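Enquirer: Okay, here's what each chain looks like letter by letter:
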Amino acid sequence: MNMMTKATMLLLVLGTAACTNPDRLGGTGGAGAGGASAGGGLAGSASDPTSPAYFNQAIGDRVLFAVDTSTLTPEGQRILDGQAQWLLTNADYRAVIEGHADEQGTREYNIALGARRANAVREYLVSRGVPTARLEVISYGKLRPIEVCSNEACYSQNRRAVTVLSFSAVTS
Amino acid sequence: MKKILTLLVALLLAGPVAAQNGPLRLTITDGVIEPITFAAPVFEAENAEAAQVVNNLNRLVAQDLSGTGLFREIPANAYISQITSFAQPIAFADWRAINAQALVTGAVAVNGNQMTVKFRLYDIYSGQELGGGLQLAGTTAGWRRMGHKVADAVYSRITGEGGYFDSRVVYVAESGPKDNRQMRLAVMDFDGENTQYLTDSSAIVLAPRFSPTGDRILYTSYESGFPRINLLNVANVGRQQLQTAPGEMAFSPRFSRDGGSVIYSLSNGGNTDIFRSDLASGQYTRLTSAPSIETAPSLSPDGTQIVFESDRSGTQQLYIMSANGGEARRISFGEGRYSTPVWSPRGDLVAFTKQNAGRFHIGVMRTDGSEERLLTASFLDEGPTWSPNGRVIMFSRETQGESGTSSLYSIDISGRNLKAVPVQGAGSDPSWGPLQP
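Same order as they appear, the protein sequences are chains A and B.
The number in the working numbering is simply the position in the first sequence, starting from 1, with 1240 added.
The number in the working numbering is simply the position in the second sequence, starting from 1, with 7 added.
Where hints are given, some of them may not hold.
Covered, in the sense of this in silico footprint (three residues per stretch, anywhere, with C-beta under 8 Å from a C-beta of chain A), are these stretches of chain B [unchecked claim]:
(1) 51-65
(2) 145-151
(3) 173-186
(4) 231-240
(5) 274-284
(6) 289-303
(7) 419-430
Hint data in this document are derived by calculation from the structure and do not stem from the laboratory.
Source: prediction; values computed, not measured.
We put the CB at the ideal spot given by N, CA and C, even for glycine.
So here's chain B without its partners, still in its complex pose (with noise of 0.2 Å):
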């Protein structure tokens, strides 16, 4: 409740820590950032049951900070003050002294099945709390999504934009040789936890993408002999055969921006070209008739555009055309092949594959085709999806030779902490769904 106002005004922390003389604020740009230091001593354990989560959720949220690249830990043999109450006043000068920037304590109660979690967010230079208490409620099962949720507010106090922790991926979990790999779809936390099976292994699936509710899920499957479309009910697990334009194959699939319709490739007599079908009615709209492939589309966060790859110039580019099909234009110029453009949920950045003198890279360019960047290279990188947030891009991997597998990665956009995602088994096409409510 104090002065929200004063936090409006950026900092750009470009210098050493000590340089700070304002409200604590990270401004996350693309160029090399100072993290901000942050110490979370463990959370006050309220009653005998809490103690045991108290320290799981503490590390948790330190994890989650810690993982953006953005933050940096001070560990606890550096405190000099201890914080054995949520209550007790912060000596502010004590955690000066160990140059923590901001303070996160917590108190959590458990009640059966059942905990409630508070916490407190201080800037230490600026001796205040920084945005007012919060408290949670839920189930001590889902303890994992109230760290997540204390650690999305930190994170989206400190730097004003929303945060990805609480948040679900979906990917196609995959076993087996090369030559007979098992695919099926499988869910989880944004961190590699939870893992839910959604499908068995006995038909190919491929490229789910969840709905901007994440409600449902659009995935390719194999399971009637040939490729189709299917929903997928996240909630019970129900699934059905989209109903799509008449064609011999159906893939690629994404929901538009309201959910209520999907947009999509449809082969014939092998020509690909994107159609949009309405949920509801299964009427459909064809967006692209050209001789050439037309795949991979997706929607401006505002639905008004489509962005998808063509090889009608001889080679796989990025193209931009309204919603409603017509006249496209070119965007991707660079050299090699480009393709899978996933527009950015702040609608500034379209991500793609590219491929390159034998490489594959994740890149980023703006929506007019300018500031191209390559974030990654390697043997096989493919498929991005965004983080809720727009900061972050998760994609696959894959290795080479015959015992070559695919793991999910992921990156900053401004192409700084490159990580591999904990996923149980091997992995593949991830797409990353909204914060959780």
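If we strip away everything but chain A, and leave its shape as in the complex, we get (with noise of 0.2 Å):
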């Protein structure tokens, strides 16, 4: 297994190599232009515990908040525990995080509270280890949920801060 080769194909691919672009590699909960279709296929096997397709199955991408929180739940702290050992293995890997919210809310408040959520994700991993200069926090607001009902169930999951990894190497 040569993810190196696999990930550098990856990026010829997409045709992007920007290190501050976010939409890399991402699961289903990306939201980057593009992000979504990258799709897990790309990002090695779910088995191979150094692959991002490991980390965003086995582990787990995303935590959920509760309506107008950022507060990390007792869950949501025990996936960024694995995500924060996974990227302190895998050094090569960079991860930009993805504040999100759902639509019960103005757009440019719901910005602000993904803010606030991918923050909260990102100081959570900081305080385990990971450096800070490897992770980017950005928003979506409401404007990309992954669940579209109008209801709990759905915005329960559009709810959320996704860790969505790039490779470093190309650019670093």
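Given two chains presented individually in distinct reference frames, assemble the corresponding complex, making use of the accompanying hints.
Expert: Have a look at this one:
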């Protein structure tokens, strides 16, 4: 398994190399233009603990939040402990943390709320030893829901912060 | 030119049409009013080339006026007199007999791609012309603008206030499913015509804002990968990223009243505050510094104060501070959450979005927070913008569920005349520009 080759090829296929562009290796919760369609198939096998697919699926790439809060739940902290461990082990990866909100709020407020959520995740990962330079935050507010119904079943999935990996060896 | 002074005497038309006993005047109040009745016979075609456009032009004028809810057209089949020439004397008794209070006549001449439009407005009950005759010249392609200008003049002469028909609206045109919505900037006439797309849909764009003169547009774009503020030149559609204070995300921009600086929100380390940047020098000033979310700033018309939203009290509420920052006073105290405040062009009101008990509303309040009135209610209304004369508010309304889409609506600040704006496709985040010169 040569992840570097694989990841380099992926970047070529996508035709993107800017280290600040967050749309990389996203799971289904990724939101950047094209990020969602990159899919898990390109991110290696979930059975390989060094693969982004493992990060996305086995560890969990996202944490969820209660209405209008950015407080991490115990379940969220457990997932982030796993993310931090993985990021410390796989030092060639960077991450963009995407903050999202459900549709119950105005667009502008929800961007600010998503920023709070993304930052809560970043601060937690940094507290677990992940270098802050490897982490960026972005907020999409309510503009990129993953569930489209208008009730709590969907809202609870949309109030999320998703850690989207990118391979840093190309640009760093 | 005649009797302009007498026009300043306002007449409240509370009663039936026949009660008018002074010059024609509609005072717009928040109460129920009886619409002014008007007749608008087809304009005279002064040459053969004009024959095609006169009917369209005339219908547009009538549509603009009727669309306000303040005017009601008398149908042509009720006419006793016919107007065949712009110069002919008006048989006031014939128009009085069919209860027309106002009569709009016009004449159009077309020469190649140029056209001229003349019109006159008559006050039927006093038997006089209202204001002088007016002549407009322009291109045939711009005939709608000339129609809007005629309607603006009629509106203005009868109400004593500025019109809003010859104006443009910039908004976000949307397509695609809710979880992969494509968004691009578009600009259109206030009535949904002449749509022009200003960006492609390769990046998320939101909340465009016209400059005071309508020549530039500020908006938030994700094209760099992160939310940043772009400045777009309407004439050549050139755009550049605004130099803001350093920060991770910048959004919610609005021009200052002189168009020379921008107030906006900047997010850093999870905290969002309000800043101002000078467009020429790039110099910035921090206007708020609180650990809470401060966003959606909007300047007063005199440029001295900013209304904004903050959740410093625990929920989103509206606050007013000096344009230079500093102490802020809370103005919203009702139930629920208040957001997206926008200062009216007349300076007297703040329009806002309110969220309460699972519903969204567009509302207005005085700048001291008194006299709050909710104008709308739906699953999701947000983002009010004022007509140039401060009489109408346009906003976004999103329907619920998987197939939910966003549309533009307008409503009078009286709470009457809620209308869907006929946008091409789905639309959101309208910003109403100034009356065009």
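Enquirer: Each hint needs a verdict: does it hold in this structure or not?
Expert: Status of the hints after comparison with the structure:
1. 51-65: violated (count 0)
2. 145-151: violated (count 0)
3. 173-186: holds (count 3)
4. 231-240: holds (count 4)
5. 274-284: holds (count 5)
6. 289-303: Coverage by chain A holds for the region 289-303 of chain B (3 residues, Cβ < 8 Å).
7. 419-430: violated (count 0)
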